[in-house]
Amino acid sequence: MSPHFTRVVKEVYGYKNVKYMVAGHKTWQEGINAYYTEPEFLKMTQDENIAHILVDLRSPEKAAKEHIKGAVNFPADDNLVDAAEKLSDTLSKKQKKKARIIYYSDDREVAEQMMRTMRANYVKNGYILNGGIKAWKAKGYATESGPLATKISYEGKTTLPGAMSIPDFEKIARATPADTVIVDVRAPSEWTKTGIVPGAMTIPIDTMDKRWKEVPRDKKIVVHCAAGNRALQVWRILTDEGYTNVRWVDGKVAKFSKGILRKGIYGK
Amino acid sequence: MKRRFQKKALLLAAAILLTAPPAMAAKNLVAKNCTSCHQSDGSTIWGTIVPGSQTDNTVKVSTGSYVWKIRYDKKSSLDSFSNARELRDEKAVSVEFSPVGNDWVYADEMSYKPGYHFHTLDHFITISEVGQALKETPEQGHYMIVDARGYDNFIEGHLPHAVNIPYYRLEKFKDRLPADKNTRIMAYCRGFT
Numbered sequence: 000m001s002p003h004f005t006r007v008v009k010e011v012y013g014y015k016n017v018k019y020m021v022a023g024h025k026t027w028q029e030g031i032n033a034y035y036t037e038p039e040f041l042k043m044t045q046d047e048n049i050a051h052i053l054v055d056l057r058s059p060e061k062a063a064k065e066h067i068k069g070a071v072n073f074p075a076d077d078n079l080v081d082a083a084e085k086l087s088d089t090l091s092k093k094q095k096k097k098a099r100i101i102y103y104s105d106d107r108e109v110a111e112q113m114m115r116t117m118r119a120n121y122v123k124n125g126y127i128l129n130g131g132i133k134a135w136k137a138k139g140y141a142t143e144s145g146p147l148a149t150k151i152s153y154e155g156k157t158t159l160p161g162a163m164s165i166p167d168f169e170k171i172a173r174a175t176p177a178d179t180v181i182v183d184v185r186a187p188s189e190w191t192k193t194g195i196v197p198g199a200m201t202i203p204i205d206t207m208d209k210r211w212k213e214v215p216r217d218k219k220i221v222v223h224c225a226a227g228n229r230a231l232q233v234w235r236i237l238t239d240e241g242y243t244n245v246r247w248v249d250g251k252v253a254k255f256s257k258g259i260l261r262k263g264i265y266g267k
Numbered sequence: 002m003k004r005r006f007q008k009k010a011l012l013l014a015a016a017i018l019l020t021a022p023p024a025m026a027a028k029n030l031v032a033k034n035c036t037s038c039h040q041s042d043g044s045t046i047w048g049t050i051v052p053g054s055q056t057d058n059t060v061k062v063s064t065g066s067y068v069w070k071i072r073y074d075k076k077s078s079l080d081s082f083s084n085a086r087e088l089r090d091e092k093a094v095s096v097e098f099s100p101v102g103n104d105w106v107y108a109d110e111m112s113y114k115p116g117y118h119f120h121t122l123d124h125f126i127t128i129s130e131v132g133q134a135l136k137e138t139p140e141q142g143h144y145m146i147v148d149a150r151g152y153d154n155f156i157e158g159h160l161p162h163a164v165n166i167p168y169y170r171l172e173k174f175k176d177r178l179p180a181d182k183n184t185r186i187m188a189y190c191r192g193f194t
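Those sequence lines, one after another, are chains A and B. For what it's worth, the numbering used here labels the leading residue of the first sequence as 0, then goes sequentially. For what it's worth, the numbering used here labels the leading residue of the second sequence as 2, then goes sequentially.
FYI, nobody ran anything at the bench for these hints, they're computed from the structure. C-beta: ideal position from N, C-alpha, C; glycine also. Hints may be right or wrong, so weigh each one.
Claimed, not checked - Okay, the calculated beta carbon distance ranges per label pair:
id, chain 1, residue 1, chain 2, residue 2, range
1, A, 76, B, 176, 32 to 40 Å
2, B, 164, A, 215, 32 to 40 Å
3, B, 72, A, 123, 52 to 60 Å
4, A, 142, B, 57, 28 to 36 Å
5, A, 10, B, 176, 18 to 26 Å
6, B, 130, A, 89, 33 to 41 Å
7, A, 217, B, 136, 26 to 34 Å
8, A, 173, B, 130, 31 to 39 Å
9, A, 10, B, 164, 15 to 23 Å
10, B, 53, A, 31, 39 to 47 Å
11, B, 53, A, 123, 37 to 45 Å
Generate coordinates for the entire structure from the input sequences, incorporating the hints supplied.
What follows is the structure, encoded as structure tokens:
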């Protein structure tokens, strides 16, 4: 992704000083560096009931006056280490390993410090709400007042909207109904090696920007790639362009059962 | 003697140029990007695959100002592929052709340019260099940090001050690039998978 981006920005758009970080965002995160999430994502987790833990780091007075729905309060302005210890004590083992924990504060520094302290000592995931409650309100999202939740609840789905599991996909792949179209967004260099689902359309994600119009509007669409990430991006493109019946396969091609992919055939 | 021969040759060349159909001149054979290494020999096209044009017996190749419609079949000699669908959109190809009809040409030989490697040290930046740069705001440090992943990856989590420009929608979001072409741009994505 970023090598491609760097090359095009350099060669086509004429920027002179372009480089890319080879290690990627995952290694950045593992180095316990600041990592931000957008208000849009928090809103999505609320709307779609995706499990997350929201922590308000401001003083109890400020939090009671105005906070984001579902937040728990761990004031960290005065004693950050103490707050981190208290928060860690209330989390279960599973939550420490898996939960998406999102922090917000008025002070960027406090939020960063808290996230990094938690990640260094107690938990695996941590995100800072970019811009805090101000940015949340600027997007037009609602806030609440009154007492905050005292117990941490971590319930809801772990899958993202539009996701389809591998077993569900296999049923469709084995006998594709007439009203369904499978779209394979891998590059030709990948599917010539593994094979494709018979009858699938092949549109590589690189040129999806130009070719999304080829996807029929009146059919149910199932998008798949090699691991799930590119399918999610194409799901986003198609839903942005007004397609209503799109699902993406959240899983690896390598986990497909035998006989689903066939070599030596070409897509529609 | 010599001078007369030169004159003759010049006249001959002029006659060939004049009698050549004017339509052929407008049909560009070599794309701009290919001209640094390849020159037209009159029967070879150097261009890129038009996205979505690949079928079992036809393919379109663009040379910038002209789109060539190409037919091929089992008799065409294809270099290390058997069907044009195996070629990525916008892949650089060369086609040795013979004309058939007005619009179409037939591919006698077709081959593609193997991908060249962009992974060289002068394009790399390390995490610690990025971390150092991010201590300042983009305005202070005169830099831009770009998240080249998709929208959904970006909103879930990204580096501080990052701007989202998905690599496959660069054309749509090119306005997000800085006005000054000398701005330091640092891009990142998932990293090695």
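Right, here's what the structure says about each hint:
1. Range check, residue 76 of chain A to residue 176 of chain B: about 39 Å between beta-carbon atoms, so the 32 to 40 Å window is met.
2. Judged by the Cβ atoms, the range 32 to 40 Å given for residue 164 of chain B and residue 215 of chain A holds: they are separated by roughly 34 Å.
3. The hinted range of 52 to 60 Å is satisfied by residue 72 of chain B and residue 123 of chain A, whose Cβ atoms lie roughly 57 Å apart.
4. A beta carbon spacing of about 59 Å between residue 142 of chain A and residue 57 of chain B contradicts the range 28 to 36 Å that was offered as a hint.
5. Distance hint check for residue 10 of chain A and residue 176 of chain B: the Cβ-Cβ separation is about 19 Å, which falls inside the suggested range of 18 to 26 Å.
6. A C-beta distance of roughly 38 Å is found between residue 130 of chain B and residue 89 of chain A, which places it inside the suggested range of 33 to 41 Å.
7. The supplied range of 26 to 34 Å is broken by residue 217 of chain A and residue 136 of chain B, whose beta-carbon atoms lie about 53 Å from each other.
8. Checked against the hint of 31 to 39 Å, the pair residue 173 of chain A and residue 130 of chain B fails, with Cβ atoms roughly 50 Å apart.
9. Taking 15 to 23 Å as the suggested C-beta distance range, the pair residue 10 of chain A and residue 164 of chain B conforms, at roughly 20 Å.
10. Taking 39 to 47 Å as the suggested C-beta distance range, the pair residue 53 of chain B and residue 31 of chain A conforms, at roughly 45 Å.
11. Evaluation of the 37 to 45 Å hint for residue 53 of chain B and residue 123 of chain A yields a pass: the beta carbon distance comes to about 42 Å.
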